[in-house]
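**Q** Here's the letter readout for the chains.
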Amino acid sequence: MRHHAHHFASAEAEFEASKQGMWVFLVTEVLMFGGLLVGYGIFRNLYPEAFHEAHKHLAVSLGAINTVFLISSSVTMALAVTYTQMGKRVAASCSLIGTLTLAFSFLCVKYVEYSHKFHDGLLPAGYFTNTELKLPEAPLFFSLYFMTTGLHMLHVLIGMGLLIWILRRTWSGELSSGYCTPTELVGFYWHFVDLVWIFLFPLLYLVG
Amino acid sequence: MSNYLAAKGLRSWLTTLDHKRIGLMYLFSIFVFFLLGGIFALILRLHLFGWGKDLLSADMYNQFFTFHGAIMIFLVIIPGIPGALGNFILPIMLGAKDVAFPRLNLASYYIFMVGAIFAASALFLRGADGGWTFYTPYSIRTNTTVLLVLTGALIAGFSSILTALNFIISIHKLRAPGMTWDRLPLFLWALYATSIIQILATPVLAITLVLLIAERVLQIGIFDPKLGGDPILFQHFFWFYSHPAVYIMILPAMGVISEVIPVFSRKPIFGYKAIAYSSFGIALIAFIVWGHHMVVSGQSELANFLFSLLTMFVAVPTGIKVFSWVGTMYRGSIHLYAPMLYALGFLELFTIGGLTGIFLATLAIDVHMTDTYFVVAHFHYVMVGGTIMGLLAGVHYWFPKMTGRLYSERDAAISFWSILIGFNVTFFPQFILGAQGMPRRYWHYLPEYTMLNRVSTVGSWFIGFGFLYLMIYMWKAVRYGKASGSNPWSALTLEWQTSSPPPTENFEIDPVVTDWPYAYAPDNVHMAVNK
Amino acid sequence: MGIIKQAFMLPLQGTAVAGRWDSLFLFMLWLAAIMFVLVVGSMLAFVWKYRHKASDRTTYITGSHVLEAIWIIVPTVMLLGIFVWGYSVYRGMTQAPRDAVEIRVLGKQWVWSFQYDNGRTSIGEIYVPVHRPTKLIMTSEDVLHSFFIPNFRVKQDVVPGMYSSVWFKPTVIGTHQVFCAEYCGTSHSGMLAKIHVLSEADWEDWNEGKSPKAFGDSLVEQGRKLHETKGCVTCHTADGTAKLGPSHKGLFGSKVELEDGTFVIADENYIRGKIENPRGSTKRGFTQMMPTFQGLVTETEMNALIAYVKSLAH
Numbered sequence: 011m012r013h014h015a016h017h018f019a020s021a022e023a024e025f026e027a028s029k030q031g032m033w034v035f036l037v038t039e040v041l042m043f044g045g046l047l048v049g050y051g052i053f054r055n056l057y058p059e060a061f062h063e064a065h066k067h068l069a070v071s072l073g074a075i076n077t078v079f080l081i082s083s084s085v086t087m088a089l090a091v092t093y094t095q096m097g098k099r100v101a102a103s104c105s106l107i108g109t110l111t112l113a114f115s116f117l118c119v120k121y122v123e124y125s126h127k128f129h130d131g132l133l134p135a136g137y138f139t140n141t142e143l144k145l146p147e148a149p150l151f152f153s154l155y156f157m158t159t160g161l162h163m164l165h166v167l168i169g170m171g172l173l174i175w176i177l178r179r180t181w182s183g184e185l186s187s188g189y190c191t192p193t194e195l196v197g198f199y200w201h202f203v204d205l206v207w208i209f210l211f212p213l214l215y216l217v218g
Numbered sequence: 017m018s019n020y021l022a023a024k025g026l027r028s029w030l031t032t033l034d035h036k037r038i039g040l041m042y043l044f045s046i047f048v049f050f051l052l053g054g055i056f057a058l059i060l061r062l063h064l065f066g067w068g069k070d071l072l073s074a075d076m077y078n079q080f081f082t083f084h085g086a087i088m089i090f091l092v093i094i095p096g097i098p099g100a101l102g103n104f105i106l107p108i109m110l111g112a113k114d115v116a117f118p119r120l121n122l123a124s125y126y127i128f129m130v131g132a133i134f135a136a137s138a139l140f141l142r143g144a145d146g147g148w149t150f151y152t153p154y155s156i157r158t159n160t161t162v163l164l165v166l167t168g169a170l171i172a173g174f175s176s177i178l179t180a181l182n183f184i185i186s187i188h189k190l191r192a193p194g195m196t197w198d199r200l201p202l203f204l205w206a207l208y209a210t211s212i213i214q215i216l217a218t219p220v221l222a223i224t225l226v227l228l229i230a231e232r233v234l235q236i237g238i239f240d241p242k243l244g245g246d247p248i249l250f251q252h253f254f255w256f257y258s259h260p261a262v263y264i265m266i267l268p269a270m271g272v273i274s275e276v277i278p279v280f281s282r283k284p285i286f287g288y289k290a291i292a293y294s295s296f297g298i299a300l301i302a303f304i305v306w307g308h309h310m311v312v313s314g315q316s317e318l319a320n321f322l323f324s325l326l327t328m329f330v331a332v333p334t335g336i337k338v339f340s341w342v343g344t345m346y347r348g349s350i351h352l353y354a355p356m357l358y359a360l361g362f363l364e365l366f367t368i369g370g371l372t373g374i375f376l377a378t379l380a381i382d383v384h385m386t387d388t389y390f391v392v393a394h395f396h397y398v399m400v401g402g403t404i405m406g407l408l409a410g411v412h413y414w415f416p417k418m419t420g421r422l423y424s425e426r427d428a429a430i431s432f433w434s435i436l437i438g439f440n441v442t443f444f445p446q447f448i449l450g451a452q453g454m455p456r457r458y459w460h461y462l463p464e465y466t467m468l469n470r471v472s473t474v475g476s477w478f479i480g481f482g483f484l485y486l487m488i489y490m491w492k493a494v495r496y497g498k499a500s501g502s503n504p505w506s507a508l509t510l511e512w513q514t515s516s517p518p519p520t521e522n523f524e525i526d527p528v529v530t531d532w533p534y535a536y537a538p539d540n541v542h543m544a545v546n547k
Numbered sequence: 113m114g115i116i117k118q119a120f121m122l123p124l125q126g127t128a129v130a131g132r133w134d135s136l137f138l139f140m141l142w143l144a145a146i147m148f149v150l151v152v153g154s155m156l157a158f159v160w161k162y163r164h165k166a167s168d169r170t171t172y173i174t175g176s177h178v179l180e181a182i183w184i185i186v187p188t189v190m191l192l193g194i195f196v197w198g199y200s201v202y203r204g205m206t207q208a209p210r211d212a213v214e215i216r217v218l219g220k221q222w223v224w225s226f227q228y229d230n231g232r233t234s235i236g237e238i239y240v241p242v243h244r245p246t247k248l249i250m251t252s253e254d255v256l257h258s259f260f261i262p263n264f265r266v267k268q269d270v271v272p273g274m275y276s277s278v279w280f281k282p283t284v285i286g287t288h289q290v291f292c293a294e295y296c297g298t299s300h301s302g303m304l305a306k307i308h309v310l311s312e313a314d315w316e317d318w319n320e321g322k323s324p325k326a327f328g329d330s331l332v333e334q335g336r337k338l339h340e341t342k343g344c345v346t347c348h349t350a351d352g353t354a355k356l357g358p359s360h361k362g363l364f365g366s367k368v369e370l371e372d373g374t375f376v377i378a379d380e381n382y383i384r385g386k387i388e389n390p391r392g393s394t395k396r397g398f399t400q401m402m403p404t405f406q407g408l409v410t411e412t413e414m415n416a417l418i419a420y421v422k423s424l425a426h
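Protein chains in written order, with the working numbering: chain Z, 11 to 218; chain G, 17 to 547; chain F, 113 to 426.
Honestly, the hints are just simulated from the structure, not real lab data.
Among the hints, a few may not be true.
As the list claims (entries may be wrong) - BS3-like mimics (lysine-lysine), calculated; alpha carbons at most 30 angstroms apart, straight line:
#1 K24/G x K165/F
#2 K189/G x K29/Z
#3 K165/F x K242/G
#4 K306/F x K342/F
#5 K242/G x K161/F
#6 K242/G x K395/F
#7 K144/Z x K247/F
#8 K306/F x K69/G
#9 K29/Z x K127/Z
#10 K127/Z x K242/G
#11 K342/F x K144/Z
#12 K281/F x K498/G
#13 K242/G x K144/Z
#14 K144/Z x K165/F
#15 K69/G x K220/F
#16 K498/G x K395/F
#17 K242/G x K66/Z
#18 K161/F x K66/Z
#19 K165/F x K69/G
#20 K289/G x K161/F
#21 K367/F x K144/Z
#22 K337/F x K247/F
#23 K144/Z x K281/F
To be verified - Only part of the chain Z face toward chain G is listed, based on derived beta-carbon distances under 7 angstroms:
#24 A27
#25 L41
#26 V100
Every residue, glycine too, gets a C-beta built ideally from N, C-alpha and C.
Working from the sequences, and respecting the hints, build out all of it.
**A** Below, the structure written as structure tokens:
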């Protein structure tokens, strides 16, 4: 008999409820990023030329590398969930470590990118000091760039915190074939974080 | 078996996972905030009495109305009924032992309190002004500590999201055996519709506030015309949340009224399905009418045309509810206890609030009325006359359930009449002031508006007295009230089928539902409380 | 009719639209009063008639589709009627006639200032002719404001960085109150102005003056000079010949085809936009090389420049 909270009829009911709760939470996340992307769309539409010029200053190659990191991390995350369900403690832990490593690599690349932007003065509107980009609305692009990627990075950081938490519980054997709701839910969350990036990368880096 | 209040000590409260205790903690906190917001209101009205010497300086006045608005909206009216009554009642009404995620529920309370502390801390620093709407670019430029209020509202928003999530999943997954969707009490239908709006709208407020905070901290320029941004875009973002938020505020109150009226009329609710589904009608329309707050903002004429047209349709589902409540009383056996008094007060005030809403939805009328006292009067009739009256109806209705005691009906009636009369005296003159053109948020007004402003201020004293009196008799009832018995109103919903106060796990025997909750038989006209 | 009207003490009707507004308002007031009596009256009647008695028996009614249909359909029809009436009055408020007298309004914390065609300016007091349409072209230097004349039943937000406009045709000679209706800081409630509606003769006097020279250059003349001193003439002629940029002759009010094939109407906001953010809306057939003048043109200069470009329309 798997354990479950007293107010649920069964462990299955509890898992179903948790899963549904996570979906509802992800809906709120979609709407939050959605609001930001609507803002981006509006300004892109208002100042197409400035946004076109500004987007050329983003490093497509670094963005592409990060895309690869995140997609791979989704694969390792999916593996982690499967191994946990199968009760393979070591394999599951290794997959989680792999996911964490890829997430960390993502952050490193992000650090390189951000420091370039800081160096070039490609900053949010009020602090924008770059002299090459003369279009008066170009700074708005970088405002939105930092807001969207910054909010996404915050999600990556939170995700890494959650990954460390379930890694500890997986390693200690708490999360295993009997009970792995946290792993599955963090998995959902992590795939969502990837998905957001899959939208951000073309929107910011590629569409010109 | 001991009831849920048995454990003593502060620690047992602060670490509780019991939805009933969390509900009471919300109720208490919200009451404290209401008191604070109310004191601001009374001082504002006192200032506006206008006896020649200013009670408040212009800057203080501007800060006071900002705090009054922000506290009342974000810390009282939005979390009020869901946080306090919803948390307490929802699981018992479902026949469940708790909400789906009790830990999340407690976290949600603490997040709410952290938000409240952020917002309140501005009081001790450089205050905040600009009104609860935080319109840009003023909110970017003002040198008050508006940042703290924004952060507080942002944090409180997450609490709101988590509570909504908890309610949705609880209603999906924790209904007692036999409780099909068409046996779901209307209070729960209302909370369900509310939660959906909270899930869909609050994240947009969150990102709007994040952008505004970033605007002040990082100068991102999105809403700042000096940096190429668009100040009107802020209004679109803001109202995309804040208009649905109006229904987040009113729907739960409508749910309470839908419970109270059949119980005290001893009759089935009229048009159960229409009332249940009209909540979703309202929720749906809520998302496509935000632009009616912006008729003179400079948005296009076409936008005004569409928003005004769509707004008209809000009145239809709202009307369905009001007519159905009145219909429920027809050929009933009406008991005028405090909850029913408040429900009737709700009907009177909300009808005025709703009808004046149609004035504001009408394009030409709105051009003159927007940003005047007409709007102030309208939303107080809806928010106070609606939500607060609903909250008070609910608090009186479920008081015996929460405490196992009865309050004095005579005292409750005194308090009710004082609040109802005071409210009408305070706010009805403001419709006239608005029609005459007095703009809102005015520290000084022209001499021709003096008389009505004074009437309004006198009315506010009656409201103040009513609430003071309410505090006293409620406290007396908690300490010395007569035992209520488990079901003093002889109501049929599940929360009344367990002892009062309920045991920690709500029911001694898991309930099974066999009928809908409004099946009042023709001879079931008596209440236990009479005997 | 009269009682409610008096109870509400509506402000004086200073325009024709105010009369139409009042009729609509009073109609709605009556309708609302009837609805209120219907709902609250029947509620009170039920409370009295069906008050609890020991021998009561209730009737088991759970609803009525007929009644529900009625209270869905009847309100819907009424609401649509109100909407149409409201929209038609609103149209009258938004469609400014072409021959309207134009006055430029600038809001800043916490004063209103006004610029007229003849070059005059005034602060806190605005002068307009009676029985002639007047259009206000408004912007703000700092935060949002809102220009509100209760007697005329019009109101329009004033937004920094763009122009908004409002128009009216005053019918009552005399002085009317203007409020700022959008919160704008400490002295929001002190941001008042007076609108003086002048008789035709007084308007002539005020507008032409005993000696027009006393007011200095007219707004168009000011604009023409700025057009030279700011260097606009280098690329934009006033005679219809295209140089590096399109000529300003006949530009205002025309449909401009942009590079991407879309069309815009060259109104105040378009010209303002071209001066401040020249990129992105270049006329088809020209190369974008205009520098931005953001921060180099004050709001009053902008008004003069636009007035000049407008004067070249015909």
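**Q** For each hint, tell me whether it holds in the structure or not.
**A** Hints versus structure:
Restraint check for K24/G and K165/F: not satisfied, since their Cα atoms lie roughly 43 angstroms apart, outside the 30 angstroms limit. With a CA separation close to 11 angstroms, the supplied pair K189/G and K29/Z stays within the 30 angstroms bound. Of the pairs offered as hints, the one joining K165/F and K242/G is violated, with about 70 angstroms between alpha carbons and a cut-off of 30 angstroms exceeded. Taken as a hint, the K306/F and K342/F pair is broken in the structure, with Cα atoms around 34 angstroms apart against an allowance of 30 angstroms.
For a cut-off of 30 angstroms, the pair hint linking K242/G to K161/F is broken: about 65 angstroms separates their Cα positions. About 25 angstroms separates the Cα atoms of K242/G and K395/F, which keeps this hinted pair within 30 angstroms; it holds. Only pairs whose Cα atoms come within 30 angstroms are accepted, and K144/Z paired with K247/F is rejected, the gap being roughly 36 angstroms. For the hint linking K306/F to K69/G, the alpha-carbon distance of about 25 angstroms falls within 30 angstroms, and the restraint holds.
About 39 angstroms separates the Cα atoms of K29/Z and K127/Z, which puts this hinted pair outside 30 angstroms; it is violated. Distance hint between K127/Z and K242/G is fulfilled; the C-alpha atoms sit about 23 angstroms from each other, no more than 30 angstroms. For the proposed pair K342/F and K144/Z, the alpha carbon gap of about 20 angstroms is at most 30 angstroms, so the pair holds. For the given pair, K281/F sits about 69 angstroms from K498/G by alpha-carbon distance, which is inconsistent with the 30 angstroms threshold.
Among the hinted pairs, K242/G with K144/Z is consistent with the structure: their alpha-carbon atoms are about 16 angstroms apart, no more than 30 angstroms. For a cut-off of 30 angstroms, the pair hint linking K144/Z to K165/F is broken: about 83 angstroms separates their Cα positions. For the hint linking K69/G to K220/F, the alpha-carbon distance of about 28 angstroms falls within 30 angstroms, and the restraint holds. For the proposed pair K498/G and K395/F, the alpha carbon gap of about 83 angstroms is over 30 angstroms, so the pair is violated.
Taken as a hint, the K242/G and K66/Z pair is honoured in the structure, with Cα atoms around 24 angstroms apart against an allowance of 30 angstroms. Taken as a hint, the K161/F and K66/Z pair is broken in the structure, with Cα atoms around 77 angstroms apart against an allowance of 30 angstroms. Simply put, K165/F and K69/G have alpha-carbon atoms about 56 angstroms apart, too far for the 30 angstroms limit, and the pair is violated. Taking the CA atoms of K289/G and K161/F, the gap is near 27 angstroms; set against the 30 angstroms cutoff, the hint holds.
Only pairs whose Cα atoms come within 30 angstroms are accepted, and K367/F paired with K144/Z is accepted, the gap being roughly 28 angstroms. Annotation: proposed proximity of K337/F to K247/F holds, straight-line Cα distance about 25 angstroms (limit 30 angstroms). Annotation: proposed proximity of K144/Z to K281/F is violated, straight-line Cα distance about 45 angstroms (limit 30 angstroms). The beta carbon of A27/Z comes within 4 angstroms of a beta carbon in chain G, closer than 7 angstroms, and the hint placing it at the interface holds.
For the restraint placing L41/Z at the interface with chain G, the shortest Cβ-Cβ distance is roughly 4 angstroms, inside the 7 angstroms limit, so the hint holds. Taking 7 angstroms as the C-beta cut-off, the interface hint given for V100/Z is violated, the closest approach to chain G being about 30 angstroms.
In terms of the numbered hints stated before, the structure departs from hints 1, 3, 4, 5, 7, 9, 12, 14, 16, 18, 19, 23 and 26, listed from lowest to highest.
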